[in-house]
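Trainee: Use these hints to put chain B onto chain A, whose structure you have.
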Amino acid sequence: MNKKIGYLIAFAIALAAPFIGYPVFLSKLLCFALFACAFNLLIGFTGLLSFGHAAFFGAAGYVAGNALKNWGLPFELGLLAGVAAGALIGLVMGALAIRRQGIYFSMITLALAQMVYFGALRAGEFTGGEDGLQGVPRGRLLGAVDLSNDTALYFVVLGICVLAFALIVRTVHSPFGQVLKAIKENEPRAVSLGYDVDKYKLLAFVLSAALAGLAGATKTVILGFETLTDVHWTMSGLVILMTLVGGMGTLAGPMLGAIIIIALENKLGDWGTLLAQVSGIEWFNTIGEAVNMVVGLIFIICVLLFRRGIIGEFIALAGKKKPV
Amino acid sequence: MEIFGYPLPMIMSQLLLGLVNGSFYAMLSLGLAVIFGLLNVINFSHGALYMMGAFLAWMGIEYWGLNYWAMLILAPLMVGVFGIVIEKTMLRHLYKLDHLYGLLLTFGITLLVEGVFRSFYGVSGQPFQVPEALAGATDLGFMVMPNYRGWVVVASLVVCLSTWFVIEKTKLGAYLRAGTENPKLVEAFGINVPLMVTLTYGFGVALAGFAGVLAAPIIQVQPLMGQNLIIVVFAVVVIGGMGSIMGSILTGLGLGVIEGLTKVFYPEFSSTVVFLVMVVVLLLRPAGLFGKER
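Protein sequence lines, in the order shown, are assigned to chains A and B.
First residue of the first sequence: 0, per numbering that gives the first Met the number 0; consecutive thereafter.
First residue of the second sequence: 0, per numbering that gives the first Met the number 0; consecutive thereafter.
What the hints contain is simulated information worked out from the structure, not anything from laboratory work.
Even for Gly, the Cβ is constructed at its ideal location relative to N, Cα and C.
Treat the hints with care, as some may be off.
[Said to hold, decoys possible] Per the computed footprint, the stretches of chain B lying under chain A, defined by three or more beta-carbons under 8 angstroms from a beta-carbon of chain A, are:
id : stretch
1  : 90–98
2  : 105–116
3  : 231–237
4  : 263–272
5  : 279–285
[Claimed, not checked] If you anchor each label on the Cβ, the simulated ranges turn out as follows:
id : chain 1 : residue 1 : chain 2 : residue 2 : range
6  : A       : L76       : B       : L76       : 55 to 63 angstroms
7  : B       : R91       : A       : K2        : 33 to 41 angstroms
8  : B       : V122      : A       : L76       : 33 to 41 angstroms
9  : B       : A286      : A       : Y194      : 19 to 27 angstroms
The shape of chain B in the complex, shown without the other chains:
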């Protein structure tokens, strides 16, 4: 069976790959949106912390004798703690200033973190095995699906939707949303806003770390793996706008799929298609698909 002269299995496998990439975009842009909502900081270091998550997972298996599943929990926790330290020691001092200083600080952190990993591990990729339980592939009839890729999509969907549920439907989420609207008023009601801010940042970067662990067996684990990704995620954020949690998730997944399909039909444009979509959105709907700017 063919669509526009391309074999169906080829389209389906690129579609799946697109969904996998889209899951990473969704998790990263979700983290950026949650952080931006409460801290008014665009976390440039998101890409570096995604790399850190992948590297910690690799180190855990290589040096500490732990397995993939342990690191899937541990690595994001460690990245989260690292984020909390950053927030407590550095970001905290910039909230009263122009947004751009937060961006510049996290940009510096990106260069530093990537530089440190690079000086120890070089730029070549580290081998990372797919965990045994998820090795192999399943024949779905219309395509052969590598199990691990299916797992990535499912795991990230579960994480994204739980985040959405917690923020939109629970009391904790209500505090968070209130803090986004008016932190002073929330503090007046006796809620520890600075603590909430710290934990939110920790959670946001832990999401990036989690995405990194998921990505480790698919993408080569190397210090610069987050560099290009973060710029694409920025474009995703511009397209979707950061006002809505569900918006971030849908935009991320959607753009991943568009990118995957572009790889089939116009491979030359696959690395720039997200940016082209961004240009079109800026022309037609400057505030972004889900944005309500100002």
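Next up, chain A with everything else stripped away, as it sits in the complex:
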């Protein structure tokens, strides 16, 4: 019951937000929220730590960008092409990575994603190399709604994200999701119960990759460009942090985490300037360029003191109050 009220409030805020804030920034926030939720499907509900999600996010962005700019595809097919790209890379990467367990899985995904990064760096005609892919048109939704209007675009993106989130919730609560949970809790047990664990893991991996692709493709359409930043492993790290801050294995956590981290990334420079003025230490002025340093610090604090994340701590607190 409480959950439903929470979602309604969040949805109401999301509906009102573009009239208060800057719609393009808000749309970008939604994309990262979706990206983090997609990632959480693996770490939070299947127990697999992928260190390569930037590959799906970025590659889908490049494919969608090319589809809209160079192949002349409409908006919907552009996004679909991005999703397909994410799913395909996810299928290949997943099939290889699930051959090893635990920490090796993470290292393999990281290494394979680095291959995608080098590929993007080299394929200059497709990705624009160091310059990135510029001037991606937004097009029209179903040929009718002009998406060059930022507010209209925001609501379309909100629609996409709500649908994708509904899919994730449905997946988690489905029999399939229960098997994934069983694998997370005790893999040998799931095997002994007769489940083809590899098949389930692979399907979860592909689903997560496809949704990450959807997020990446949508982000490219919103901003109109795609760069190497999105395929670099720091992006994979960032999405892990978003999920960790919000709460791994909670449905709403990654969204909250994404909003916090992206807002932090955007505002850090301003806060640095403020700190420099208050404290008189010049060095704080440079903090805006050293986002990674702050991200690293948050990582350390979260892992040491705050492993359940914000929503996770909240649930734990609420759980304690209830009489057993």
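Mentor: Quick look at chain B alone, frame taken from chain A:
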């Protein structure tokens, strides 16, 4: 003389360069394997600590008026002490949890350390002179070998093989191997396992620091020098498996050589060949060349 239409000196010089890179892979993957064996932690910050070693060496020469040889000893020691502090204050609290938290913590440390160096020194490389005793080159007849590169291969081989010797053939190594198998039992025999764990981590990262000092005159000393390296080393570890010390050394050197040869024959693939080898190994021998997983 030519092989497949390529001049021999060119092949030999890439081969040497491959061996040099392979030495770094070997030292780093060896450190990762030793740490993983006892701590069950994959040390993501290995690349950042390698960078730290190189930077400390540069600072020692630039600011403190010391020479290369002093820093070759001092910088790894300082990196080792830094590692011990990390282990004592942070990593220690994560041993009982899932492995992934160790990876995430050291990932955070990587970003923090690289970020701090970056905010002071930017991303441009710092100049680092080859020490005088090793400047110049020797004509070996079939190729001209820069002395420093030869020194890197020899020094890292000596360090790697001594590590192998200590772990596999001495009593200290026996304690270490026993601790890897069953820490509780070893502790019951009166051996201070927590101390051993701390020192092992310190030693593992000191190896990374040592590799950093060796690399400083060859590779530009800059805050992000360890970023791509650590991912390649992860691939090396996946290929070799972390079960065997000698396995880590051989895999590291072997992949360096393969990478060097790829630079001659298919330069386009030189940055990804290690990952391609990893894919092939995963398909044919999922546990890794020297691995005995689970």
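Trainee: Taking the hints in turn, state whether each one holds.
Mentor: Results of checking the hints against the structure:
1. 90–98: With 4 residues close enough to chain A, the hint holds.
2. 105–116: holds (count 10)
3. 231–237: Coverage by chain A holds for the stretch 231–237 of chain B (5 residues, Cβ < 8 angstroms).
4. 263–272: holds (count 3)
5. 279–285: holds (count 3)
6. A:L76 / B:L76: 55 to 63 angstroms: holds (60 angstroms)
7. B:R91 / A:K2: 33 to 41 angstroms: holds (37 angstroms)
8. B:V122 / A:L76: 33 to 41 angstroms: The hint (33 to 41 angstroms, Cβ to Cβ) holds, given that V122 (chain B) and L76 (chain A) are roughly 40 angstroms apart.
9. B:A286 / A:Y194: 19 to 27 angstroms: holds (22 angstroms)
The earlier numbered hints are all upheld by this structure, with none contradicted.
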